[in-house]
Amino acid sequence: MKINLPTSLEPLSERALWRKHSLAGKTLLVSLIVIGTNVVANYALERGLRQIGVVESLSPAPYVRAFVHPWVAIGVIFMFAWLTTRLSLLSWADLTYVLPVTSFSYVISAVIGAVYLDEKVSVLHWLGISVITLGILLVVVTYPKTSGVESGS
Amino acid sequence: MIALLVALVVIPGAVGDLLNSAGMKRYGEITDWTPRGLLHLCRDLLHNSYILASIPAMAISFFAMMALLSATTLSFAVPITASSYILETALAKYWLKEHVDWRRWVGTTLVAIGIALLSF
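In the order they appear, the protein sequences are chains A and B.
If you count by the numbering used here, then the first sequence holds residues 1 to 153, one letter each, in order.
If you count by the numbering used here, then the second sequence holds residues 1001 to 1120, one letter each, in order.
Pulled out of the complex, with its shape left as it was, chain B reads as follows:
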């Protein structure tokens, strides 16, 4: 059950992140932070196909995270979900065409290792 919940947090979460990043690059920077501006943002983002596709992925990840938090401790549930970092970095390099230099690879790997250490 715990392994299934971790998979349901990690895999849809990684897909959702990539879709969010692609969608927001297409949308541009958020400049209006008023309640009305945020309403307009929600409306605009609902017409963004990348963001729309990311919603079910992030929803699955969110509810799985809630279930994981209720079944385990914070110091286990939060760190274990970081196992998707290296996968996301590789996907961002090839799909989003980001320039990932050695500092980002080493830094991200260290972060993933550190987060794994936190779960012991």
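Isolated chain A (complex conformation):
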């Protein structure tokens, strides 16, 4: 079956345009939730594991025991929320859109690491944060779904 993709020469109907904008807006909103839950999960896990101490083992048993620590438990709950919202996002949005856009969590994690965990943020770190943000801005303007009929950018 041949699928006719819309081109820039074919003006979209008002309904199609609304649907396109609606999907892009929904994708951005869910992406923000994915970013937020990821940041909280990483922060809580880092804080909990720092209190537990270094765990160097390929066996999962010590990590399973660590789940009872409050910060680790919070981290695991937010990790579940992150996983579920990310799966939902991947059900319609491209992986090549989701990956770079949700990487904004790295920027927030670095800032939180500097502010709350007293980790050093050098000039290179700020440069990295700027480069990531520029990359995200390039991707976020593309249409999030290219594998279906509503293709385009």
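Please keep in mind that the hints were generated in silico from the structure rather than gathered at the bench.
Errors might be hidden in some of the hints.
Claimed, not checked - Below 27 Å or equal to it, Euclidean Cα-Cα: the simulated DSSO-like pairs (lysine-lysine) are: (1) B:Lys1025 with A:Lys120; (2) A:Lys26 with B:Lys1093; (3) A:Lys20 with B:Lys1093; (4) A:Lys26 with B:Lys1025; (5) A:Lys20 with B:Lys1025; (6) B:Lys1097 with B:Lys1025; (7) B:Lys1025 with B:Lys1093; (8) B:Lys1097 with A:Lys120.
To be verified - Listed next, the stretches of chain B that the computed footprint assigns to chain A, with coverage defined by at least 3 CB atoms under 8 Å from CB atoms of chain A: (9) 1009 to 1020; (10) 1024 to 1038; (11) 1060 to 1068; (12) 1081 to 1095; (13) 1098 to 1109.
The structure displayed is predicted, hence computed values, not measured ones.
Where a beta carbon is used, it is the ideal one built from N, C-alpha and C, also for glycine.
Please build the complex by placing chain B on the supplied structure of chain A, with the hints as guidance.
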């Protein structure tokens, strides 16, 4: 030890992402966010072969990430795992048939470079 943990986070994580994306495209959008709906979702996803295959890959990546976080700092562990972005983009283009235009290639490359800069 650190290099092994990074590899165990990155490679199974990339495979798991591709399988998750393929599995969720087959499943469709999640519409019921109630606890009961989420239980049904878990049950349905356990019958999805792509999602099932992604579980061991993501589990390896998750436990390796926990070990990495306990052995290094957040500002090292989180950024270093982004090295799989370009590999995942190439695999998504050919395996998932996604349209990756220059903005996505340049954007993803910039994100990977930026994340690498964060690890210094």
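To see whether the hints hold, each was checked on the structure:
1. With a C-alpha separation of about 41 Å, the suggested pairing of Lys1025 (chain B) with Lys120 (chain A) is violated against the 27 Å cut-off.
2. Under the criterion of a C-alpha separation no larger than 27 Å, the hint pairing Lys26 (chain A) with Lys1093 (chain B) is consistent with the structure, at around 23 Å.
3. For a cut-off of 27 Å, the pair hint linking Lys20 (chain A) to Lys1093 (chain B) stands: about 22 Å separates their Cα positions.
4. The suggested pairing of Lys26 (chain A) with Lys1025 (chain B) holds, with an alpha-carbon distance near 17 Å, which does not exceed 27 Å.
5. Taken as a hint, the Lys20 (chain A) and Lys1025 (chain B) pair is honoured in the structure, with Cα atoms around 18 Å apart against an allowance of 27 Å.
6. Proposed proximity of Lys1097 (chain B) and Lys1025 (chain B) is supported: the alpha carbons are some 12 Å apart, at most 27 Å.
7. For the suggested pair Lys1025 (chain B) and Lys1093 (chain B), the alpha carbons sit about 15 Å apart, so the restraint of at most 27 Å is met.
8. In summary, the hint linking Lys1097 (chain B) to Lys120 (chain A) is not supported, as the alpha carbons are separated by about 41 Å, beyond the 27 Å threshold.
9. By the rule of at least three residues with a Cβ nearer than 8 Å to a Cβ of chain A, the coverage given for the stretch 1009 to 1020 of chain B holds, with 3 such residues.
10. With 7 residues carrying a beta carbon less than 8 Å from a beta carbon of chain A, the stretch 1024 to 1038 of chain B meets the three-residue requirement, and the given coverage holds.
11. Beta-carbon proximity to chain A at under 8 Å applies to 4 residues in the stretch 1060 to 1068 of chain B; the threshold of 3 is reached and the given coverage holds.
12. A stretch counts as covered by a chain when three or more of its residues have a beta carbon under 8 Å from one of that chain; for the stretch 1081 to 1095 of chain B and chain A the count is 6, and the coverage holds.
13. With a cut-off of 8 Å between beta carbons, the stretch 1098 to 1109 of chain B has 10 residues touching chain A; three or more are needed, and the interface restraint holds.
Violation of the numbered hints given earlier is confined to hints 1, 8; the remaining hints are satisfied by the structure.
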